[in-house]
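Chemist: So the chains spell out like this:
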Amino acid sequence: MTALSQEAAVPVAEGLFSWPDRPRLIGGNCPACGTTTFPAQRSCPRCTGTELRAVPLATTGRLWTWTIQAFEPKPPYAADGPFTPYGVGYVELATEEGGGAVLVESRLTVADPERLRIGAPMRLTFIPLRRDACGARVMTFAFEPDPPEQRSTR
Amino acid sequence: VNVAIVGIGIHPFGRHPGVSGLAQGAHAARQALADAGIGWADVPCAFGGSMAAGNADTMVGDLGLTGLPFINVHNGCATGGSALALADRAIRSGDHDLVMAIGFDKHPPGAFNADPEASGLGRWYGETGLMLTTQFFGMKIQRYMHEYEISAATLARVAAKAFRNGARNPHAWRRQPLTEQQVAESPMVSHPLTKFMFC
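For the record, the sequence lines run as chains A and B.
Numbered according to my numbering, the first sequence terminates at residue 1101, and the numbering increases by one at each position without gaps.
Numbered according to my numbering, the second sequence terminates at residue 1407, and the numbering increases by one at each position without gaps.
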């Protein structure tokens, strides 16, 4: 049982992404005007419609902007230490069926300015934040360069 | 209707241990009254607020329980400006011929630790380390630089200009001029923004 719980991984929040099978970010799409939101929400920020439906978002997109979080945030930030700087960006994603794009704010797996570029292709992945009281890893979504950069041989 | 600012007051910008934000606001209000040559009892209406240092209307405990309508404003960094805009409209509407507008604040050092749920966001947004204003400004300027071909040297130039101006203002937070190089070489907080590009 101990080994099992060490391997258990749970989403940081319900409704953000499907888990654990075929993990996808879950957006909201407005049938009236085509607007996509992330996270999913009931009302449309463009046309005030209330019929938004939950849709999976594409797993690849392009980096729209980025920064690097250099210092450890205060609570409510809740990740196990020790702190290391992390990348944050907005990634432009369409819905999985090719619907209207949305800018998704996300952790990035890369925290090196030399390896981040606006317009670069990015791919969805998942990273552990901390362990919960049961020992399960608490997971959140993140984006990594796509394709992953060639590892340096040096 | 012509609206004019007839009196102003300010408390020096700074940490000021032991002096509450409200007390600093009341200090500025007294200065403004003296500047205008009037008393608190002559003020028939006020708008004011802070983001994190309390409700402006409780300032009547310091300034006087005159019974005036004192409307609290809570609008982030724009709180003082919003109070001023509302005061202007209260005069233009004919409701009042004199109004006080006041803004003040006081924060612990470092970045804000904002509550995601107060902004309609899930707790996860703060837990995963996305709820930082510094981060937002870094990403915003990164995109702006990309779209308008602005260099990091320009960011340093803008900050150095602000420090030059601060050196001439006795109420400023920082009064030491810094060179563009000092700004650019200060610790990186949220790429491409360094410590002295924030404050």
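Honestly, the hints are just simulated from the structure, not real lab data.
There may be inaccurate statements among the hints.
Simulated coverage check for chain A against chain B, where a stretch passes if three residues somewhere in it have a Cβ under 8 angstroms from a Cβ of chain B [unchecked claim]: (1) 973 to 985; (2) 997 to 1007; (3) 1054 to 1065.
Cross-link-like lysine-lysine pairs, in silico, DSS-like; alpha carbons within 30 angstroms at most [to be verified]: (4) 1021(A) / 1348(B); (5) 1314(B) / 1348(B); (6) 1021(A) / 1403(B); (7) 1403(B) / 1314(B); (8) 1021(A) / 1314(B); (9) 1314(B) / 1369(B); (10) 1403(B) / 1369(B).
Backbone N, C-alpha and C fix where the C-beta goes; we use that ideal spot for every residue, glycine too.
Chemist: Taking the hints in turn, state whether each one holds.
Modeler: Hints and how they fare:
no. : hint              : verdict
1   : 973 to 985        : violated (count 0)
2   : 997 to 1007       : violated (count 0)
3   : 1054 to 1065      : holds (count 3)
4   : 1021(A) / 1348(B) : 22 angstroms, holds
5   : 1314(B) / 1348(B) : 25 angstroms, holds
6   : 1021(A) / 1403(B) : 17 angstroms, holds
7   : 1403(B) / 1314(B) : 19 angstroms, holds
8   : 1021(A) / 1314(B) : 17 angstroms, holds
9   : 1314(B) / 1369(B) : 25 angstroms, holds
10  : 1403(B) / 1369(B) : 15 angstroms, holds
The earlier numbered hints that this structure contradicts are 1, 2.
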